[in-house]
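Asks: With the hints as extra help, turn the sequences into a complete structure.
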Amino acid sequence: MTAVENVRQTNEGAQEMRSRSEIGARELLREVGAVLRMSEAEAANLGQIPVDPDEDQTMIINMGPQHPSTHGVLRLMLELQGETVLRCKPIIGYLHTGMEKTGEELTFLQGGTNVTRMDYLSPLNNELVFSMAVEKLLGIENDIPERAVWMRMLLSELNRMSSHLLFLATNGMDIGAVSMMLYGWREREEVLRFFQKVTGLRMNHNFIRPGGLAADLPAGWRDDVLSILEMLPPRLAEYDILMTDQPIWRERLQGVGVITADEALALGTSGPILRSTGVAWDLRRDQPYLRYDEVEFDVIVGTYGDAFDRYAIRLNEIRESIRIVYQILDHMPLGDYRIQNKKVTPPPRARIDESMEALIHHFKIFTEGFKVPEGEVYVGIESPRGEIGCYIVSDGGPKPYRIHMRAPSFVNIQALPHMMRGGLVADAVAVISSVDPVLGEVDR
Amino acid sequence: MTDVQEAPQPETLHGSPVSYSRGQKVVHPSRADYVKVLKKLLDDGFAMCSDLTAVDYLTHPGRELPSGVDAERFEVVLNLTSIATRDRIRVRVQVPESDATIASLFELWPGTEAMEREVFDMYGVSFDGHPDLTRILMPEDWDGHPLRKDYSVGRIPVQFKGANS
Chain A
1 MTAVENVRQT
11 NEGAQEMRSR
21 SEIGARELLR
31 EVGAVLRMSE
41 AEAANLGQIP
51 VDPDEDQTMI
61 INMGPQHPST
71 HGVLRLMLEL
81 QGETVLRCKP
91 IIGYLHTGME
101 KTGEELTFLQ
111 GGTNVTRMDY
121 LSPLNNELVF
131 SMAVEKLLGI
141 ENDIPERAVW
151 MRMLLSELNR
161 MSSHLLFLAT
171 NGMDIGAVSM
181 MLYGWREREE
191 VLRFFQKVTG
201 LRMNHNFIRP
211 GGLAADLPAG
221 WRDDVLSILE
231 MLPPRLAEYD
241 ILMTDQPIWR
251 ERLQGVGVIT
261 ADEALALGTS
271 GPILRSTGVA
281 WDLRRDQPYL
291 RYDEVEFDVI
301 VGTYGDAFDR
311 YAIRLNEIRE
321 SIRIVYQILD
331 HMPLGDYRIQ
341 NKKVTPPPRA
351 RIDESMEALI
361 HHFKIFTEGF
371 KVPEGEVYVG
381 IESPRGEIGC
391 YIVSDGGPKP
401 YRIHMRAPSF
411 VNIQALPHMM
421 RGGLVADAVA
431 VISSVDPVLG
441 EVDR
Chain B
1001 MTDVQEAPQP
1011 ETLHGSPVSY
1021 SRGQKVVHPS
1031 RADYVKVLKK
1041 LLDDGFAMCS
1051 DLTAVDYLTH
1061 PGRELPSGVD
1071 AERFEVVLNL
1081 TSIATRDRIR
1091 VRVQVPESDA
1101 TIASLFELWP
1111 GTEAMEREVF
1121 DMYGVSFDGH
1131 PDLTRILMPE
1141 DWDGHPLRKD
1151 YSVGRIPVQF
1161 KGANS
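Residue numbers (this note's numbering), protein chains in the order written: chain A, 1 to 444; chain B, 1001 to 1165.
Calculated from the structure, these hints are not laboratory results. There's no promise every hint is true.
[Said to hold, decoys possible] Here are the simulated DSS-like cross-link-like pairs (lysine-lysine), alpha carbons at most 25 angstroms apart as the crow flies:
(1) A:K399 <-> A:K371
(2) A:K342 <-> A:K371
(3) B:K1025 <-> A:K371
(4) A:K364 <-> A:K343
(5) A:K364 <-> A:K342
(6) B:K1149 <-> A:K101
(7) A:K343 <-> A:K399
(8) A:K364 <-> A:K101
(9) A:K371 <-> A:K101
(10) A:K343 <-> A:K371
(11) B:K1036 <-> A:K399
(12) A:K371 <-> B:K1149
All of these numbers come straight from a predicted model, not from anything done at the bench.
Replies: Next up, the structure:
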């Protein structure tokens, strides 16, 4: 076999966790979270954890990147003393495909296909935040037709349900409730079947686009949504019997992976992780977008900041989403599903056959794209995993000069070392699962 | 078309010029004032650093900036959120190509650690005082910084281990 110049083995080198003898005391303190200990009481607690055992008493092991319970290609390096996790370091990038670089090569119309693949469990939320950012740059964010806005809300909430149902499935499997795996996927499939009917695809829809949506809701959509809404509550009650009420389930999750409100805020976490610490922060309520200020729902918060709270929050957020979707069904107005702005909207199919200008216009929009005025904008919305943000810089051309996605999983995963420290290695899987990271979004 | 509104008296916040982009408030501190201004913003209640990223303005130098701010190649962009006032603010700092370093915010928001590593990895902007400034998404022995504008797309040969050529 001839050695090829370009074939080389890559390595993570300095990104890996180093042993105690190689790092200084300051670095060690940082890795065990000293910078996050804000009150003196907590600093005193630090003494209870064996901070400085001898090097030969500890062992550094790899968990992942091919471990099924790491939800993709997450690699954790754990330093163990017996069964206790002393330090933990997530090593990411195994799924990095340069999507932000790719995004600079795609027009604003094509961008949706790119961002939808980042958080592949809530693709519609990715498309939504991208579209909202582009619309803000275009200055048309207040001109989106009412029906489009409510349709976006409907899809966004259904997507939240499907994402949380998948969380319940994987969380169940990670902890040993294997039948939950089947139930969760089964219920999620019902939601995805609706998405398939509406958008044509189960995932990666590219359905929410700058200016509105790709198509109107199909005939009979209301009955489909109602059947999902009627199917779910008894199933959720079953989950309560299967998991929430079970002493084994509670033993496995309560008090595991605890994080405090101060820590969660300092680390920038959002979504169910932040809410589990008692901070009622939900962008749907606190910085309302779409028409979330016109529907009634509760922000679910926890008290202890442990894995059980995060499980319970997601379970109950499905119930809140059901409540919101019922209100959306009542409100859903008639009208256009996309903005009638010649700049961003292609002409209707029928016009192309009879008008030369319409044909040219259609061709121009899909080959060159539409130009977006110069400027920069950041839009953040509440995805099932927390705040998903989109920062776009436009230089006035048809492609974004820079597109950056603030991925909630990327930030949330940095809380893992602080949740795991001092816990048991057997709980590590429960903690990863409770953070619910999507590695496609972490690595982008 | 632009909606950067120039007030008669240029608006400042903690001594740094302020501009508005599509109605969103943006502060432009200098690199020297960076940590000082950010500390004040943290004290103002911006307890959450939602996002930290960077932009390479190599091929788009003529962007709109308030007077007194000189455009440089790199720009580090932060989006801060205040839980108390439900407010957002953006911070844009100019970082020159010749000396692409800026202070780390690890002491203020420990959560910026990974984001600063990502900026270092993708743009080669290094952060003074960062506790663990290594690459995060690319392998450690990777050449170049992929999101720079002079790093072309598709230049990288696909790397397969042990493949016959």
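Asks: Taking the hints in turn, state whether each one holds.
Replies: Hints versus structure:
1. Proposed proximity of K399 of chain A and K371 of chain A is supported: the alpha carbons are some 8 angstroms apart, at most 25 angstroms.
2. Among the hinted pairs, K342 of chain A with K371 of chain A is consistent with the structure: their alpha-carbon atoms are about 12 angstroms apart, no more than 25 angstroms.
3. About 24 angstroms separates the Cα atoms of K1025 of chain B and K371 of chain A, which keeps this hinted pair within 25 angstroms; it holds.
4. Between K364 of chain A and K343 of chain A the alpha-carbon distance is near 10 angstroms, which keeps this suggested pair within the 25 angstroms criterion.
5. For the proposed pair K364 of chain A and K342 of chain A, the alpha carbon gap of about 12 angstroms is at most 25 angstroms, so the pair holds.
6. Under the criterion of a C-alpha separation no larger than 25 angstroms, the hint pairing K1149 of chain B with K101 of chain A is consistent with the structure, at around 9 angstroms.
7. Restraint check for K343 of chain A and K399 of chain A: the C-alpha separation of about 15 angstroms stays at or below 25 angstroms, so the hint holds.
8. Between K364 of chain A and K101 of chain A the CA atoms are separated by roughly 24 angstroms; this keeps the pair inside 25 angstroms, and the hint holds.
9. Of the supplied pair hints, the one linking K371 of chain A and K101 of chain A holds, its CA atoms being roughly 19 angstroms apart against a limit of 25 angstroms.
10. Straight-line distance between C-alpha atoms of K343 of chain A and K371 of chain A comes to about 8 angstroms, which keeps the hinted pair within the 25 angstroms bound.
11. Taking the CA atoms of K1036 of chain B and K399 of chain A, the gap is near 36 angstroms; set against the 25 angstroms cutoff, the hint is violated.
12. Straight-line distance between C-alpha atoms of K371 of chain A and K1149 of chain B comes to about 20 angstroms, which keeps the hinted pair within the 25 angstroms bound.
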